[in-house]
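**Q** If you want the building blocks of each chain, they are given just below.
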Amino acid sequence: MTNQVILLDFWPSMFGMRTKIALAEKGVEYEYKETDPWVKTPLLIEMNPVHKKIPVLIHNGKPICESLIQIEYIDEVWSDTYPILPSDPYEKSQARFWGEFIDRKFYDPSWKVWGTKGEEQVAARKELIEHFKTLETELGDKPYYGGEVFGFVDIALIGYYSWFKAMEKFGEFSIEKEAPKLIEWTKRCIVRESVIKAMADPDNIIQYACVFRKSLGVE
Amino acid sequence: MANEVILLDFWPSMFGMRTRIALREKGVEFEYREEDLRNKSPLLLQMNPIHKKIPVLIHNGKPVCESSIQVQYIDEVWSHKNPILPSDPYQRAQARFWADFIDKKVYDVSRKTWTTKGEELEAAKKELIEILKTLESELGDKPYFGGDEFGYVDIALIGFYTWFPAYEKFGNLSIESECPKLMVWVKKCLERETVAKSLPDPHKVTEFVAELRKRFGLE
Chain A
1 MTNQVILLDF WPSMFGMRTK IALAEKGVEY EYKETDPWVK TPLLIEMNPV
51 HKKIPVLIHN GKPICESLIQ IEYIDEVWSD TYPILPSDPY EKSQARFWGE
101 FIDRKFYDPS WKVWGTKGEE QVAARKELIE HFKTLETELG DKPYYGGEVF
151 GFVDIALIGY YSWFKAMEKF GEFSIEKEAP KLIEWTKRCI VRESVIKAMA
201 DPDNIIQYAC VFRKSLGVE
Chain B
1 MANEVILLDF WPSMFGMRTR IALREKGVEF EYREEDLRNK SPLLLQMNPI
51 HKKIPVLIHN GKPVCESSIQ VQYIDEVWSH KNPILPSDPY QRAQARFWAD
101 FIDKKVYDVS RKTWTTKGEE LEAAKKELIE ILKTLESELG DKPYFGGDEF
151 GYVDIALIGF YTWFPAYEKF GNLSIESECP KLMVWVKKCL ERETVAKSLP
201 DPHKVTEFVA ELRKRFGLE
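So the sequence lines, in the order shown, correspond to chains A and B. The first sequence begins at 1 in the UniProt record's numbering and counts up by one. The second sequence begins at 1 in the UniProt record's numbering and counts up by one.
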């Protein structure tokens, strides 16, 4: 069967970047459709009626929503090449745990550190730094979260890399200072072709965050 | 190798209920250990240092945290009987989507039905009913969310049923009248021995919530 793959995404989205990386790692050809999530197009509403959010992966007309679920799907469908998740059930559960940690804990302060001000921003920065340190500890001395190989948790986290400069600028802190081993890890990831192609220019992200901050009344 | 399975849990936890059901579906013998959440055991803190929460599944000394991740782990390790997730990657992605929806939406909103009042309560009630109606819609005419077979999404949601009378009593709402098809599904699930054994008496949960309300100064 011909594989028709479409990705509805928005260029600054750290979640969309994950899916782009996973598709590229598997060598899957796809059509990218720039979709502003604030403009609920008929296609977005049809394909993600519950959340109306990007990214949406559409495979042969059928939608898959939520980026970590998309990565698992991509890994299972295109299973003949480059495994993203470990095969061992215990290692897999650990990878899923850290993916969930990034989504449930890391995400909130990661936007509040640039999207809020005053006490809320101070609290967000403190929490974010703690999470960076936790993630650095989890990495340990491994080259990647996946061990020797770039995998699920690496993909889940590296999507945020384009936003690091914006977090540091508006949050007034240095990730390198707080979690130097993590920055070393990013340097290993960003030479991968899949990551290079998926990333947004950090300066463009800063501009985008600037505009967003104005609209939030934070600037 | 001998399988030593321990579950650190708390009897009213709708998340712990998921793991209990999954273990029983697979016929896995396990040691259930009740945790006092106001006095967490050293074992809990050692096995879940990041979140310090229950349930924690400990398999041959190694911890698996987060109930959805535990259910998937159980399905993969004890893969010989009663499959919990579908085998088709697309169906699996859909099952994961709905479990994720339940995780993101049901708990936080439902908690407000017994911890808030006035306008905040009214807004929470409205949102909870919408969420449950969305789930009811997804169920459609199928006997289970999984189709003909009891599965992952059914396991993700059924534990919340034991809290319905508490939401109804303190929130002043009727889930039965708003979502009758969902209640039919509940009755069908309760016929399963694995579910009946894993769920506490809803009256006891309501009494527990009443105590919590006193403790929080809400009564």
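Be a bit skeptical, because a hint or two may be false.
Here are the computed distance ranges between Cβ atoms for each label pair [claimed, not checked]:
(1) B:Ala2 with A:Val39: 56 to 62 angstroms
(2) B:Gly61 with A:Glu31: 53 to 59 angstroms
(3) B:Lys142 with A:Asp203: 48 to 54 angstroms
(4) A:Asp203 with B:Phe10: 36 to 42 angstroms
(5) B:Glu4 with A:Lys40: 48 to 54 angstroms
(6) B:Ala2 with A:Tyr208: 52 to 58 angstroms
(7) A:Ile196 with B:Glu138: 37 to 43 angstroms
(8) B:His51 with A:Leu216: 43 to 49 angstroms
(9) B:Leu37 with A:Glu91: 28 to 34 angstroms
(10) B:Leu45 with A:Leu216: 33 to 39 angstroms
Hints in this document: simulated from the structure, not taken from any laboratory. Idealized CB from N, CA, C, for every residue including glycine.
**Q** A separate judgement is required for each hint: does it hold in the structure or not?
**A** Results for each hint:
Taking 56 to 62 angstroms as the suggested C-beta distance range, the pair Ala2 of chain B and Val39 of chain A conforms, at roughly 58 angstroms. At about 48 angstroms, the beta-carbon gap between Gly61 of chain B and Glu31 of chain A misses the expected band of 53 to 59 angstroms. Under the hint 48 to 54 angstroms, the C-beta atoms of Lys142 of chain B and Asp203 of chain A, about 50 angstroms apart, fit the expected range. Our hint of 36 to 42 angstroms for Asp203 of chain A and Phe10 of chain B is violated, since their Cβ atoms are close to 48 angstroms apart.
The supplied range of 48 to 54 angstroms is met by Glu4 of chain B and Lys40 of chain A, whose beta-carbon atoms lie about 51 angstroms from each other. A hinted range of 52 to 58 angstroms holds for the C-beta pair Ala2 of chain B and Tyr208 of chain A, which are about 55 angstroms apart. As the Cβ distance of Ile196 of chain A to Glu138 of chain B is approximately 39 angstroms, the hint placing it in 37 to 43 angstroms holds. The beta-carbon spacing between His51 of chain B and Leu216 of chain A, approximately 29 angstroms, falls outside the hinted interval of 43 to 49 angstroms.
Separated by about 29 angstroms at the C-beta atoms, Leu37 of chain B and Glu91 of chain A satisfy the suggested range of 28 to 34 angstroms. Between Leu45 of chain B and Leu216 of chain A the beta carbon distance is about 38 angstroms. The supplied range of 33 to 39 angstroms therefore holds.
Of the numbered hints stated above, those contradicted by the structure are hints 2, 4 and 8, listed in ascending order.
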